[in-house]
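Enquirer: Sequence:
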Amino acid sequence: MHRFKELEIWKRSRLFCSEIYSLTSKFPESEKFGLTNQLRRASVSIPSNIAEGSSRQSNKDFSRFLQITLGSAYEIETQLLIANDLNFITNSELEDAISELQEIIKMVSKFKSTLKF
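In UniProt numbering, the protein residues as written are 1 to 117.
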């Protein structure tokens, strides 16, 4: 079992989640139950799956939750691109968010590869 609060990937993804909430707060009200909700849910999923996976008794189970985490990250990337296409976020905001997301993806992937099972 891992202490998720000590994992850098959990800390960083938690901060990223806050950034997504801030970014989506500027989306049109008509997107409240659309893209805003989708992005927020997917961003919450990242640190949540890391935390839940860390409680599992085996590294194999934890690895499965990290794979779900990666899926959420790629979902966010797609949704950010769509938000940019719709002019809800600027190119700069898109680049910043995707840059941070890519770092999280790398960290999760590397951590996942170190789990022995």
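Worth flagging that the hints you see were computed from the coordinates, not collected in a lab. Accuracy of the hints is not assured; some may be wrong.
[As the list claims (entries may be wrong)] Okay, derived cross-link-like pairs now, DMTMM-like style, lysine to aspartate or glutamate, Cα gap no bigger than 20 Å in a straight line: (1) 11 to 96; (2) 106 to 6; (3) 60 to 103; (4) 112 to 8; (5) 106 to 85; (6) 110 to 61; (7) 110 to 8; (8) 110 to 100; (9) 11 to 85; (10) 106 to 96; (11) 110 to 19; (12) 11 to 103; (13) 112 to 52; (14) 26 to 103; (15) 106 to 29; (16) 106 to 8.
Enquirer: Confirm or reject each hint.
Expert: Against the structure, the hints come out as follows:
1. Between residue 11 and residue 96, the direct Cα distance comes to roughly 18 Å. Compliance with the 20 Å bound is thereby established for this hinted pair.
2. Simply put, residue 106 and residue 6 have alpha-carbon atoms about 18 Å apart, close enough for the 20 Å limit, and the pair holds.
3. Using a Cα cut-off of 20 Å, the hinted pair residue 60 and residue 103 is violated, with the two alpha carbons roughly 23 Å apart.
4. At roughly 13 Å between alpha-carbon atoms, residue 112 and residue 8 fall within 20 Å of each other, so this suggested pair holds.
5. Taken as a hint, the residue 106 and residue 85 pair is broken in the structure, with Cα atoms around 25 Å apart against an allowance of 20 Å.
6. Taken as a hint, the residue 110 and residue 61 pair is honoured in the structure, with Cα atoms around 16 Å apart against an allowance of 20 Å.
7. Taking the CA atoms of residue 110 and residue 8, the gap is near 12 Å; set against the 20 Å cutoff, the hint holds.
8. Distance restraint check for residue 110 and residue 100: the Cα-Cα separation of roughly 15 Å lies within the 20 Å cut-off, and the hinted pair is therefore satisfied.
9. For the hint linking residue 11 to residue 85, the alpha-carbon distance of about 30 Å lies beyond 20 Å, and the restraint is violated.
10. Between the alpha carbons of residue 106 and residue 96 the distance comes to roughly 16 Å, so the proposed pair stays at or under 20 Å and holds.
11. A distance of roughly 23 Å separates the Cα atoms of residue 110 and residue 19; the hinted pair therefore is violated under the 20 Å criterion.
12. Between residue 11 and residue 103 the alpha-carbon distance is near 13 Å, which keeps this suggested pair within the 20 Å criterion.
13. Distance restraint check for residue 112 and residue 52: the Cα-Cα separation of roughly 14 Å lies within the 20 Å cut-off, and the hinted pair is therefore satisfied.
14. Note on residue 26 and residue 103: the hinted pairing is violated, with a Cα-Cα distance of about 24 Å set against a maximum of 20 Å.
15. As the CA atoms of residue 106 and residue 29 are separated by approximately 33 Å, the hinted pair breaks the 20 Å bound.
16. Between residue 106 and residue 8 the CA atoms are separated by roughly 12 Å; this keeps the pair inside 20 Å, and the hint holds.
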